[in-house]
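Turn these sequences into a full structure, and let the hints steer you where they fit.
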Amino acid sequence: MRFMEADSLSIWPRMEPFLLGALQVSPSSKLSLHYLRKMAVYVRTRDGCFPVLGWPMWRHIACGKLQLPEDLAWLYFETFDLLIGHTPEKRLEWAECLSQCSSKSELDQQRSKLSVDTLQFLLFLYIQQLNRVSLRTSLIGEEWPSHRTRSPSPSDREAKTSSQIKNWDDQAHLSFVQSHLMEILELLVEPGQLSQSGQALRDGQISLEVVQSLDFLLEGSVCPGKAVQPVHWLLTKGPLQTQAGYSTLSRSFPLHKLHTCLQHCLTLNPFGFTACLRSGKKLAWAQQVEGAMKRAKIARNTHMAPPGSKMVLMSQVFKQTLAKTSDKLTGANIKIHRCSDAFIYLLSPLRSVSVDKCRDSTLVLGPVETSVHIHGCQNVRVVCVAGRIAIGASSRCTLHILTPTRPLLLPGNTDVTLAPFHTFYPSLEDHMATVGLAVVPNAWDQPLLLGTEGLANPSLNASAISDPAACYRLLPPSEFHTLVVPFQMEGDTCEVPGGLPPPYQAALDEKQKRIQNWQKTVMEARLNKEQKRQFQELVELKFHEWLLETGHRQELDSLIPQTIASVEVTDSVQVNNTKHVRAGRVVGQSPMAC
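Number 107 in the working numbering belongs to position 107 of the sequence shown; there are no gaps in the numbering.
Just so you know, these hints were derived from the structure itself, not from any lab. Be a bit skeptical, because a hint or two may be false.
Claimed, not checked - Derived EDC-like pairs: lysine to aspartate or glutamate, alpha-carbon spacing no greater than 20 Å straight-line:
1. K542 / E530
2. K90 / D430
3. K113 / E96
4. K113 / E70
5. K113 / E183
6. K237 / D215
7. K104 / D71
8. K520 / E540
9. K237 / E209
Structure representation (structure tokens):
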């Protein structure tokens with residue numbers, strides 16, 4: 001009976017450390033197992049490093065021992081902190097303290113107050129290897145070289161690197177843990193339990209306190225449908241206590257027995273990407289577009305997944321406007337995949353958002369607690385408030401952002417535009433407070449460029465060939481316009497939170513002044529009735545031409561109710577009462593809802 005109970009018990013890799021914690025680029029060689037073993041010994045033998053590690057000591061280790069740039073050291077420290085379950089109040093308090101720093105010394109002093117769990121941070125650094133590309137794979141793919149094989153260009157290497165991003169791949173997460181479980185355990189045990197080469201002694205022990213740090217990576221349940229538990233709890237209860245060899249007297253496990261037990265119980269995350277695609281609750285809608293029926297798909301597990309594992313997968317939204325605000329989105333990890341010519345509004349507080357292989361689309365997001373990652377996209381506009389923004393392998397994308405951290409520009413980008421956040425909807429500030437995001441500090445215009453060999457030096461003027469950092473620009477104020485969210489919602493927000501940077505506000509004021517001068521000129525022209533009619537027709541004609549040339553005609557048309565649609569409408573937003581011009585007549589409009 002005990003054996004059967006143990007067989008029904010499952011342990012799996014948690015989704016968020018891999019999804020949100022692993023940077024979407026091959027890691028520095030200084031984060032290899034060799035150096036992390038040295039770090040694991042160092043932190044246990046130095047005061048002020050264990051069981052918690054503060055920023056000053058991590059900076060000393062990263063910059064002094066591992067020779068990492070300080071900005072990269074902070075990036076890892078800050079990314080790990082984003083994963084920790086701080087309350088919104090704590091995050092807002094931290095943001096207020098940072099916003100009051102007026103010099104680097106004050107900023108360093110504030111950062112020095114931040115500390116992390118040492119062993120969990122070691123695990124976080126180790127899983128950066130998730131997106132590591134082997135030399136053989138990065139250079140020659142799946143074939144051995146031949147005399148015909150050409151040397152790959154840097155762009156080829158970046159493309160291969162970007163094509164192997166595994167943050168959403170739960171099969172890769174499981175494989176990673178299974179393949180490296182002993183190395184993970186060896187990083188955690190006390191130095192006295194290891195041989196000179198850093199490998200576990202045959203009779204090595206690992207304490208319960210150390211095993212508790214594995215809760216960062218692993219969780220499980222006693223059987224399907226039962227509550228999800230941290231891994232240390234499962235290992236000290238019922239049948240697994242015997243299998244893992246846990247001693248209540250010494251409060252420890254035999255290392256090799258623990259390793260065998262975990263390997264036996266490891267399985268695919270039942271709330272992961274694969275399970276959501278296979279058995280998640282699917283939503284679909286259809287609409288007539290230029291004579292062709294196009295279908296988009298949504299799969300979600302929000303009705304049954306625990307916090308931290310909720311996800312919504314959206315795929316192939318084509319020439320549609322999709323709008324939703326709902327508890328089903330709140331706190332969920334969102335993946336938007338292969339959408340084109342679409343306008344997507346997800347106006348709820350979100351956990352994370354991944355935008356993958358989309359093109360010619362606009363995405364307006366509610367506040368994102370952790371990160372927004374854009375990958376392999378073309379001509380996509382993303383508008384969001386988020387804890388972290390990252391973009392890689394993308395071209396002609398514009399990001400209108402409000403973020404307390406420096407935007408992360410990963411390899412493979414061309415013609416990326418960074419711009420200030422420029423919209424609002426009525427409940428935006430309430431949603432920001434829900435996820436602990438404030439209007440300051442705002443680092444939207446201070447990108448951090450991460451290349452294939454570490455940090456790149458930012459430059460706005462160099463050519464892309466001579467300087468890989470010349471992949472972005474800041475939007476000129478003369479090209480700046482605000483975005484109106486065209487839906488009715490409840491709430492008190494009536495302007496862009498925090499306002500606009502002065503140059504951009506001045507540019508808007510100048511545009512408004514020109515509009516007023518134009519209106520004054522028309523009034524002073526004293527046109528008769530026939531002249532006014534002709535003038536109105538000319539203005540409408542030119543307006544329609546502009547709508548067609550810019551693609552905004554499609555955006556307006558997609559807001560019109562569809563007579564052919566199959567949708568689930570819940571907590572959907574409604575269109576504003578503002579009128580739009582279409583085909584020579586004024587019509588009201590409403591969005592599609594999922």
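Hints versus structure:
Of the pairs offered as hints, the one joining K542 and E530 holds, with about 19 Å between alpha carbons and a cut-off of 20 Å not exceeded. A hinted pair counts as satisfied when its Cα atoms are at most 20 Å apart, and K90 with D430 qualifies at roughly 16 Å. Straight-line distance between C-alpha atoms of K113 and E96 comes to about 14 Å, which keeps the hinted pair within the 20 Å bound. At most 20 Å may separate the alpha-carbon atoms for a hinted pair to count; K113 and E70 meet this at roughly 17 Å.
Under the criterion of a C-alpha separation no larger than 20 Å, the hint pairing K113 with E183 is inconsistent with the structure, at around 31 Å. Distance restraint check for K237 and D215: the Cα-Cα separation of roughly 15 Å lies within the 20 Å cut-off, and the hinted pair is therefore satisfied. With a C-alpha separation of about 13 Å, the suggested pairing of K104 with D71 holds against the 20 Å cut-off. Taking the CA atoms of K520 and E540, the gap is about 19 Å. The hint holds against a cut of 20 Å.
Between the alpha carbons of K237 and E209 the distance comes to roughly 15 Å, so the proposed pair stays at or under 20 Å and holds.
In the structure shown, a violation is registered for the earlier hint numbered 5 alone.
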